[in-house]
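Number of protein chains: 2
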Amino acid sequence: MTRVKLIDVARAAGVHPGTASRALNSDPDGRVSAETTRRVVETAKRLGYVPNSFARGLRTARSFVIGMIVPDVTNPLFPPMVRGAEQVLSQAGYTLVLTDTDNDEASERAQIERLRSRGTDGFLIATALWEDPLVEELGEVGVPAVLINRNTAVHRLPYVGCDERTGIEVSVDHLVGLGHREIVHLAGPQDTSTGRERASAFRHSLRVHELPVDPDQVLICSSYTEQAGVEATTRLLASGRPFTAIVAGNDLIALGALETLAAAGRHAPDDVSVVGFNDLPLVDKLTPSLTTVALPLREMGALAARILLAEIEDSDHFGPVAQSLLGVSLAVRGTSGPAPGR
Amino acid sequence: MTRVKLIDVARAAGVHPGTASRALNSDPDGRVSAETTRRVVETAKRLGYVPNSFARGLRTARSFVIGMIVPDVTNPLFPPMVRGAEQVLSQAGYTLVLTDTDNDEASERAQIERLRSRGTDGFLIATALWEDPLVEELGEVGVPAVLINRNTAVHRLPYVGCDERTGIEVSVDHLVGLGHREIVHLAGPQDTSTGRERASAFRHSLRVHELPVDPDQVLICSSYTEQAGVEATTRLLASGRPFTAIVAGNDLIALGALETLAAAGRHAPDDVSVVGFNDLPLVDKLTPSLTTVALPLREMGALAARILLAEIEDSDHFGPVAQSLLGVSLAVRGTSGPAPGR
DNA sequence: ACGCGTTGCACAACCGATTGCGCTTACCCT
DNA sequence: AGGGTAAGCGCAATCGGTTGTGCAACGCGT
Chain A
1 MTRVKLIDVA RAAGVHPGTA SRALNSDPDG RVSAETTRRV VETAKRLGYV
51 PNSFARGLRT ARSFVIGMIV PDVTNPLFPP MVRGAEQVLS QAGYTLVLTD
101 TDNDEASERA QIERLRSRGT DGFLIATALW EDPLVEELGE VGVPAVLINR
151 NTAVHRLPYV GCDERTGIEV SVDHLVGLGH REIVHLAGPQ DTSTGRERAS
201 AFRHSLRVHE LPVDPDQVLI CSSYTEQAGV EATTRLLASG RPFTAIVAGN
251 DLIALGALET LAAAGRHAPD DVSVVGFNDL PLVDKLTPSL TTVALPLREM
301 GALAARILLA EIEDSDHFGP VAQSLLGVSL AVRGTSGPAP GR
Chain B
1 MTRVKLIDVA RAAGVHPGTA SRALNSDPDG RVSAETTRRV VETAKRLGYV
51 PNSFARGLRT ARSFVIGMIV PDVTNPLFPP MVRGAEQVLS QAGYTLVLTD
101 TDNDEASERA QIERLRSRGT DGFLIATALW EDPLVEELGE VGVPAVLINR
151 NTAVHRLPYV GCDERTGIEV SVDHLVGLGH REIVHLAGPQ DTSTGRERAS
201 AFRHSLRVHE LPVDPDQVLI CSSYTEQAGV EATTRLLASG RPFTAIVAGN
251 DLIALGALET LAAAGRHAPD DVSVVGFNDL PLVDKLTPSL TTVALPLREM
301 GALAARILLA EIEDSDHFGP VAQSLLGVSL AVRGTSGPAP GR
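Residue numbers (our numbering), protein chains in the order written: chain A, 1 to 342; chain B, 1 to 342.
One thing to keep in mind: the hints can contain errors.
Given that identical chains are not distinguished, each listed pair holds provided it fits within a single copy or across any two copies.
As the list claims (entries may be wrong) - Listed below are the simulated SDA-like cross-link pairs for lysine to any residue, each with C-alpha atoms no more than 20 Å apart in a straight line:
no.	residue 1	residue 2
1	LYS5	LEU58
2	LYS5	LEU282
3	LYS45	ALA110
4	LYS285	ARG333
5	LYS45	ALA106
6	LYS45	VAL15
7	LYS5	GLY119
8	LYS5	GLU131
9	LYS285	GLY334
10	LYS45	GLU113
11	LYS5	THR120
12	LYS45	LEU6
13	LYS285	ASN75
14	LYS45	VAL218
15	LYS5	VAL141
16	LYS285	LEU77
17	LYS5	THR74
18	LYS285	ALA262
19	LYS5	GLU113
20	LYS45	ARG109
21	LYS5	ARG38
22	LYS285	ARG109
23	LYS45	PRO80
24	LYS285	ALA55
25	LYS45	ASP216
26	LYS5	LEU47
Keep in mind the hints are simulated off the structure, nothing from the lab.
Work out the full structure, taking the sequences as your base and the hints as a guide.
Written as C-alpha cells, this is what we have:
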C-alpha cells in the first residue's frame, strides 16, 4: 500500500518525472504542451496521486504552514480570530498551526523555535507585549509575521487590531450622555498595547468632555482576568474616591467589578454603571446584561491572514508596514443607566 | 543568513555528517563514542544547529505532527480539550495542528486529506458521527487515531469521553430528589453518540425511579445550539405535555429552553427546573445560575493525546481498543429547585 | 535548401538528514 | 605473533519532488 508517487504518474503518462512535475504545477515558463499537461493531470487523478510535502518542502523551502500564537485558546476572545484566519488560509492552500503560550515567554520562544525548524512560512502573533524582544527578533530576521490584537511599541511588523480608542470614546460618550461625571477606568496591563491605548483614550475622552482627569481615576489591573478586576475594584472602594461609572479594560475585569460592587451593596445599573470591552459570549445573558464594546474578531483574523499571505507571496513587497484598525460598536445593555440623582 | 546544517556541524566537529547525525540522535546501536558525542553535541549547540524537518521527514516518514479535528473552535466546549492535548503533545515533542470542519463532511474530508499528505502522524477526532464512513476509513487504513468526546457505533478506534450516563443519572436523581416526577429531556442530535447516550440514560434513569416513560417525553433537537433549544421547547409547550423539570442535552439547549420558558411566563427555578450539560464558562454567572453537569474537558484532551502517542510509538501494540470514560460531577446551582406545589 | 529561433521535453543535480554496510583500528586471547 | 572480535566511524545510497540546462524536432523566413 505504498503511496503513489510522481515517478509512477510519469511512467503511466509516458513522460519524464520532471515534465510531470511541471505539468502538475502548471509551470509558467516550463513550456509543457497543453496536450501533455492534460494527460499528466488526468493520470495523476486516476492514480490518486498525492504529492509528498516533505520532498517538496525540502527542495522549495516552503511548507504552506502558518503558525498562530495566542496566549490561551480557552480565552473566548481568540477562537473567533483563529476561525477567521483559518478560513482564509485554508482556502489559499495553507494549514494553520495553533499554539498557546500560557502567557509564558520561555514557552513562547520554544514554540516559535519549533515552528521555525518545521519551515513555517509565517506567523500570526496575538501575544505581543508592548516591548517584546522576541517579536523584534522575528522582524529583524525577516520572517513574515503579522501582529494581531496587540501591537508593539516599534511598528516594525504589520498590525491588525480594532479601533480601541473609538471604542473607549463611545463608551465615555455614552456614560456622559447618561449624566455621569465621576467615571473611573480599570485599565488592563500596561505592558500590552491594548491596556495602554484604552487608558490613554480614556483620559483623552474625559478631556474632550472637559471633565477633570485625576491620576487616581485610572486603576491598573495586573491581568485581563476577573480576579484582577476584583482586586482593582477593592482598591477603588478602599480609596474612597467617588464614582458613578466604571469603564473596564475588558469584560472579565468588568465582571470582577460587578461582583465586588454588588458585595459592597452597589448594584448596576441603579447605583453604578459599568461598561466592558470585547462582548464575550453570554455576557448578553447576564442579569443585568453587560454593556460592552463589540469587536469584529473574525474579520480581524481574516484580515491578518490576508496581509500575511500578501507578505509571503511577494517578499520583495517592501511597502509601508500596514497598521489596520477595524471598526467597533458599542452594545448598550443593562449595566449602564442614568447617573444616580438625576 | 543561510541556516546552519548538519554538514556544518560535522565539519566543525571534525567528523562525518553521518556520525554527527548518530551522535545528535543518540543512536542506540550506532555506537558513537561518548567523547565524540559530547563534542558533536557541543558544537551543534554552539553553532545553533536546528535540524531541517523536511529532510528528516523525507527520510524517516515521520512528521511529529498530530492533527486535531473539531467541529468549531468557537464552541467553548473544545478549547479546553485542545489545551489538554496540546500540553501533552508538545511535551513529547509533537506539534498539534488544529482544524475545524464547520460540521461539514466535505470540508472534514478535505482537511484530513491535506493533513495526511503532510505526513501527519496521527489524529484526534472530535467530530465523529454515530455512523461515520470517514472515521471508519481511517481505522481501516491503519492511521493512528483516537476519538474524543464523540464515539461511533462500531468501536474500531480508541475513544476518550466522559461518563455521560452517570451525568444524566445524577441529574435525574437530583430532580427526583427535589420532588419532580414530570421530567422531560431535550435530546441532542441522534446521529452523535452523545445525543444517543444521554437520551438512553435519561430513559433508563426514569425507569430506575419507577417513573413512567412516554415517547413524547424525549424531544430531539436538530443541533447542539441555543436556537435548536428554542425550537424544541416551543414544540414541547405546544404539545401540552405537563412537566416540571427539563434535562437538556447541553448548556446551549438549556439556555434556549430557559429563554423560551421565560417568554411563556414560566421561570426557573420556581415554576420549572432546568439542568444543562457541559458547564460552559459564565453559565455560573447567569441569573439564575445554571445547574449543569461539569466535564473534565482538559483531562479528556490529555488522556486522548497520551493514548494516541502510545498508539504511535508501538504500532505493533494491537491491544484491545480502549474505551475510556472520565468521571463527571453535577454542579447544583440556581435553575433547579423543589417541584411546584411541594 | 539552409540557418535561425522556438517549442517541448529529457537529463541529472540538488535540497539535507538518515542509515545499511563495510573499513579501519585497537585490543584480547591463546 | 597471528587471528579474531568488536567498537567507532566514514562512505554513499536514499527519501521524492523541483529546476537549470541541454538537446532534438519543428516551423518559418529568405
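For each hint, the structure was consulted:
no.: 1; hint: LYS5 - LEU58; in the structure: both (16 Å within a copy, 13 Å between copies)
no.: 2; hint: LYS5 - LEU282; in the structure: neither (50 Å within a copy, 51 Å between copies)
no.: 3; hint: LYS45 - ALA110; in the structure: between (40 Å within a copy, 15 Å between copies)
no.: 4; hint: LYS285 - ARG333; in the structure: both (10 Å within a copy, 16 Å between copies)
no.: 5; hint: LYS45 - ALA106; in the structure: between (46 Å within a copy, 18 Å between copies)
no.: 6; hint: LYS45 - VAL15; in the structure: within (16 Å within a copy, 46 Å between copies)
no.: 7; hint: LYS5 - GLY119; in the structure: between (22 Å within a copy, 14 Å between copies)
no.: 8; hint: LYS5 - GLU131; in the structure: neither (48 Å within a copy, 32 Å between copies)
no.: 9; hint: LYS285 - GLY334; in the structure: both (10 Å within a copy, 15 Å between copies)
no.: 10; hint: LYS45 - GLU113; in the structure: between (37 Å within a copy, 14 Å between copies)
no.: 11; hint: LYS5 - THR120; in the structure: between (24 Å within a copy, 17 Å between copies)
no.: 12; hint: LYS45 - LEU6; in the structure: within (12 Å within a copy, 37 Å between copies)
no.: 13; hint: LYS285 - ASN75; in the structure: both (18 Å within a copy, 17 Å between copies)
no.: 14; hint: LYS45 - VAL218; in the structure: neither (64 Å within a copy, 47 Å between copies)
no.: 15; hint: LYS5 - VAL141; in the structure: between (35 Å within a copy, 17 Å between copies)
no.: 16; hint: LYS285 - LEU77; in the structure: both (17 Å within a copy, 18 Å between copies)
no.: 17; hint: LYS5 - THR74; in the structure: neither (40 Å within a copy, 38 Å between copies)
no.: 18; hint: LYS285 - ALA262; in the structure: both (18 Å within a copy, 13 Å between copies)
no.: 19; hint: LYS5 - GLU113; in the structure: between (31 Å within a copy, 15 Å between copies)
no.: 20; hint: LYS45 - ARG109; in the structure: between (42 Å within a copy, 16 Å between copies)
no.: 21; hint: LYS5 - ARG38; in the structure: within (18 Å within a copy, 40 Å between copies)
no.: 22; hint: LYS285 - ARG109; in the structure: neither (39 Å within a copy, 36 Å between copies)
no.: 23; hint: LYS45 - PRO80; in the structure: neither (35 Å within a copy, 39 Å between copies)
no.: 24; hint: LYS285 - ALA55; in the structure: neither (52 Å within a copy, 53 Å between copies)
no.: 25; hint: LYS45 - ASP216; in the structure: neither (69 Å within a copy, 50 Å between copies)
no.: 26; hint: LYS5 - LEU47; in the structure: within (9 Å within a copy, 36 Å between copies)
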